[in-house]
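Chemist: Quick one: dock chain against chain with the hints and give me the complex.
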Amino acid sequence: MLRYIARRVLMAVPVLLGVSFLVFAIAQVTPGDPALGILGSYATPEAVAELREQLGLNDPFFVRYGRYLWNALHGDLGQSYRGRTPVMDELLMRFPATLQLALAAMLLATVLGVSAGVIAAVNRDTWADRLTMVTALAGLSIPSFWLAIVLIIVFGVRLKWVSVIGGLGLKNLILPAFTLGLGAAAVLARLTRSCMLEVLQENYVWTARAKGLAERVVILRHVLRNTLIPVVTVMGLQFGGMLGGAVFIEVVFARPGLGSFAVNAIAARDLPQVQGMALFTATVFVTVNLLVDILYGLLNPRIRLAE
Amino acid sequence: MTLDCTSSTPTIESGPLAGRSQWKMAWQSLRKNVTAMIGLAGLILLVVVTLLAPWLSPFDPTSMDVGHLMTRPDQVHLFGTDDLGRDVLSRVLWGGRESLRVAILAMAIAMSGGVIVGLISGFYDGLVDNIIQRLSEVFLAFPSILLLLTIVAVFGPSLSTVLLALGMSSIPSYGRLVRGSVLEAVARDYVLAARAVGVGNRGIMFRHILPNVIAPVIVYTTVGLGGAIMTTAGLSYVGLGAQPPSPEWGAMLNYGRGYLREAWWMSIFPGLAIFIAVLSVNLLGDGLRDAFDPKSRVV
Chain E
-10 MLRYIARRVL MAVPVLLGVS FLVFAIAQVT PGDPALGILG SYATPEAVAE LREQLGLNDP
50 FFVRYGRYLW NALHGDLGQS YRGRTPVMDE LLMRFPATLQ LALAAMLLAT VLGVSAGVIA
110 AVNRDTWADR LTMVTALAGL SIPSFWLAIV LIIVFGVRLK WVSVIGGLGL KNLILPAFTL
170 GLGAAAVLAR LTRSCMLEVL QENYVWTARA KGLAERVVIL RHVLRNTLIP VVTVMGLQFG
230 GMLGGAVFIE VVFARPGLGS FAVNAIAARD LPQVQGMALF TATVFVTVNL LVDILYGLLN
290 PRIRLAE
Chain R
10 MTLDCTSSTP TIESGPLAGR SQWKMAWQSL RKNVTAMIGL AGLILLVVVT LLAPWLSPFD
70 PTSMDVGHLM TRPDQVHLFG TDDLGRDVLS RVLWGGRESL RVAILAMAIA MSGGVIVGLI
130 SGFYDGLVDN IIQRLSEVFL AFPSILLLLT IVAVFGPSLS TVLLALGMSS IPSYGRLVRG
190 SVLEAVARDY VLAARAVGVG NRGIMFRHIL PNVIAPVIVY TTVGLGGAIM TTAGLSYVGL
250 GAQPPSPEWG AMLNYGRGYL REAWWMSIFP GLAIFIAVLS VNLLGDGLRD AFDPKSRVV
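As given, the protein sequences belong to chains E and R, one line each in that order.
First residue of the first sequence? That's -10 in our numbering, and the numbers climb one at a time after it.
First residue of the second sequence? That's 10 in our numbering, and the numbers climb one at a time after it.
It should be emphasised that the hints constitute simulated quantities derived from the structure, not laboratory data.
Some hints could be false.
Facing chain R, from chain E, some residues (calculated, C-beta under 10 Å) [what the hints assert, rightly or not]:
| hint | residue |
| --- | --- |
| 1 | P20 |
| 2 | P23 |
| 3 | L25 |
| 4 | I27 |
| 5 | L28 |
| 6 | L126 |
| 7 | L129 |
| 8 | L226 |
| 9 | A235 |
| 10 | G248 |
| 11 | M266 |
| 12 | A271 |
| 13 | N278 |
| 14 | L280 |
Pulled from the structure, derived: some chain R residues nowhere near chain E, Cβ distances all over 10 Å [stated by the list, open to error]:
| hint | residue |
| --- | --- |
| 15 | K33 |
| 16 | W36 |
| 17 | L98 |
| 18 | I125 |
| 19 | D134 |
| 20 | G165 |
| 21 | E193 |
| 22 | A205 |
| 23 | S276 |
Even glycine gets a Cβ: it sits at the ideal position worked out from N, Cα and C.
Looking at chain R on its own, in the form it has when it is part of the complex (with noise of 0.2 Å):
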């Protein structure tokens, strides 16, 4: 959440010249700020790398060598080995194909889905923007870590659940965000002005409003992804997301637990990784909201 500190509106502004302008000087402003062009890369990299998996890992991420079982970390395994003889460093890569997909198809829902409420929220004042605030209020009432277990206790620990929890318990306060934005833009001439040429609810709600409310959006979506990716591989963690022999990077820290002691190496490679995917996403997050939000580059 976001707050003001002279005021109570979320800092993020989507005034009537957000545009195609608006995106151009945002861009510009991103290109120049460094630490965010090194979250940028980093993203970009991990992205590649773990797409990559199948060609890059050095080895299989699930065959086990008894002759080498938790080596140190050497020229042939840059990482060590785990109890079974499997080699981290390809288990790391291969891992975050699945950390990655599940934050961000899961940012994706939920970013997906408060746009909908929330503009339906928001444009259709009334009776159906309190019947959905009073329910996101509920669902807000939780905290998130504690809505996202008992979504996870319904439909039991994998790892398309936390995926499917994530996102969905992640709706309500993107709705909230989407709201805001969408009743400041209602009163705008620019919407009486397509009204006014006879474009329908639908047309307003998706072609006029939509493009000058998402880029809070997309900044909140970035900022939500590292928590989601730490989300993930904590759930993994305490064994109620992505369960064994799944090299998923929480999962992986849960088995490296009971090795502390003979093997450190099994816990400190996967979480290095999430370490860095966090940090890389929180960098490009702080750049993507300096460039969206002149007035916090003012202060």
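Okay, chain E solo, but in the shape it has when bound (with noise of 0.2 Å):
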């Protein structure tokens, strides 16, 4: 087990030392200058030489890459433009509400979906299979940021039972990571459906009904355990998912995450910020797919033992 995690952990380094690159990579096909962006656009032509030099930036690509690198491992992402507050700090700074959504919608969909897809699998072709698959369905393709939009002028201007901008209490909570769950719920719901299905026909699910089992004994004992392998998979790609991508979901409640982050670094072209989060997302999603490939390993002992 040691050895496969350890592959694991080796193979992760290359990808992130890649995506650094490409995240470097940007600056340079980005036009405009960053000395120019950081002193504004009436500096002296002096001044932006001065700063250049500073920067570093009239250095060979290599060397400034050497240096972003070494930087960044060391928790030094650049200041932003605007603020001129270090990157590291904001993201930081960020990060707990974005990470605070993605958890609760995830564990939304985890109950939801896996629920949902066990009983319209036991109960397969019968009107609450169907049902669940349809709104399943459903689910998948409603516009996320649309159904928040929906919910808010339901329950927020007409019903007026929740405040749902802004906010980071628990009660400010629910609409978003309820419309951010959703899509993973559907998602989840349907594999496991299938999955299930394809579990069930397994001999050892005829061999322990055949001895006599309680078919509450066979699900839950025999059957769920192997359908969860690939539905932890997904659930981890969809979590890492989540973290980079509440984009949408931040904007229409207005919550300060990374996400909303990202969308106003982008608007005000800020370079630092923008490759700052790019960076950071990037290697909170390996992490995370790293430690669901442990998980992985840890579940399926055919995969470990296949290495």
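Modeler: Here is the structure:
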């Protein structure tokens, strides 16, 4: 098992290096002079030239990349153009809001999705199955940001049940978590159902039934455990995606997370912020996937023994 | 991504029997699938209606009518009017042209790029394959929305940037999918046979392997189209895609955001259009997957 984990960790290193290179290269193809970006368009050519020298912008490409990488490894992602504050601090300030939202959404998605999938599979081809699957398809097709708007109109504007915009309290988490989690719940429900149907055909399930185990035990101990293997992988992908991709929902609900940070950074063309955001989120994403891979190996001896 | 539950291979198979008979079989099975046909009908209807927008829409999508500001939906303005007195129904019809065009073209870029990359990567194993795969890994290390945002950041917010970004950022995953099928196909006898009679590499790749590996790509593209429609609208919604006064669906939602209290219809109808479009595509995609993958039907 240790060898399996070590292998996975080592495989992530070149990927992260590639990511950092790509993120750094973005700055090179983006039109505009970073020094001008900091000083504003009224700066004198002398001031720009001086700042360029100061920032080391005249050094060769790979020297600059090396310096960027070295700084990034030490938690320094540069300073933003706008606030002149360290990008890392800005990201760390925003991260908890996104993490909170993603965790809540994922919890909701897992509970809703997996149980819906199990109910559908166990009651295959009945009305319960069909209703669940139609709901899942609708959940998959509904744009989360639009659902959010509809819910705001209904619960916020009409019924005035919840204060919907801003704030990080639990009360302000319900609608964003629901709208963000619904799509993932739908994906998990469909996957759980189809995997469970497949597992139900396996010989060991027949064996378990043949030896007289109660159906409950067969489902919970034999079927569900094997069903969850691919489900966990997809959960990891979904969760990683939420950490970097709660963009639309954060904007709708005006949550101060990474997603809304990214949108503002792009609109303001604040390059260090965009780069920092990309590198930070990709690193989190790769780490989450790594953890999922390891968890997958723990859950499924077939994978780890095959290597 | 499709995951198989008992092994780790994708569920969509492209065997040596793939060919014309497979297409016929798939179509026959698709035709019997009621929900898939509803999806296909919905999609065709949407495309036709938006293409005919210049003739169908009751009003000009940009002309303002100060006498009818934010009127509720009634017989004259079926979907109501916005704060400038523009007819929401006309704007939804015209906006569909933008939304659907961007999504379809983006998927076309993703599909053709992915097919070329995947064919090359799967066919020329060794160094070329290795380089392409390592590169893909780097791109796939970004959550897809983040990769999109990054590309938008480089080229600046606009609908054409979104189109390009959506297409380009999807190429690696298409490449992966195609490569997997190509690796399987290369080992088949028909490739050996083609080589034996002197067909060149390019001929083998495009005339012999491609037709046999394209089925899962088509399924994947159809499913991806729904996501593309949604992402296009989403990016416009947060202000990084289509810019006002464009009636693109997401841009309309963005515009209506300021009037949730006074004029819900400005936000409800464009969103409903996105929902119907994505739902149609997903219904069709599900049907296509079942049609091309007999295994999933047995289960």
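Chemist: If a hint holds in the structure, say so; if it doesn't, say that too.
Modeler: How the hints compare with the structure:
| no. | hint | in the structure |
| --- | --- | --- |
| 1 | P20 | holds (8 Å) |
| 2 | P23 | violated (14 Å) |
| 3 | L25 | violated (16 Å) |
| 4 | I27 | violated (17 Å) |
| 5 | L28 | violated (20 Å) |
| 6 | L126 | holds (6 Å) |
| 7 | L129 | holds (6 Å) |
| 8 | L226 | holds (7 Å) |
| 9 | A235 | holds (9 Å) |
| 10 | G248 | holds (8 Å) |
| 11 | M266 | holds (8 Å) |
| 12 | A271 | holds (5 Å) |
| 13 | N278 | holds (8 Å) |
| 14 | L280 | violated (14 Å) |
| 15 | K33 | holds (26 Å) |
| 16 | W36 | holds (22 Å) |
| 17 | L98 | holds (17 Å) |
| 18 | I125 | holds (21 Å) |
| 19 | D134 | holds (19 Å) |
| 20 | G165 | violated (8 Å) |
| 21 | E193 | holds (19 Å) |
| 22 | A205 | holds (35 Å) |
| 23 | S276 | violated (5 Å) |
In summary, the numbered hints that this structure violates are 2, 3, 4, 5, 14, 20 and 23.
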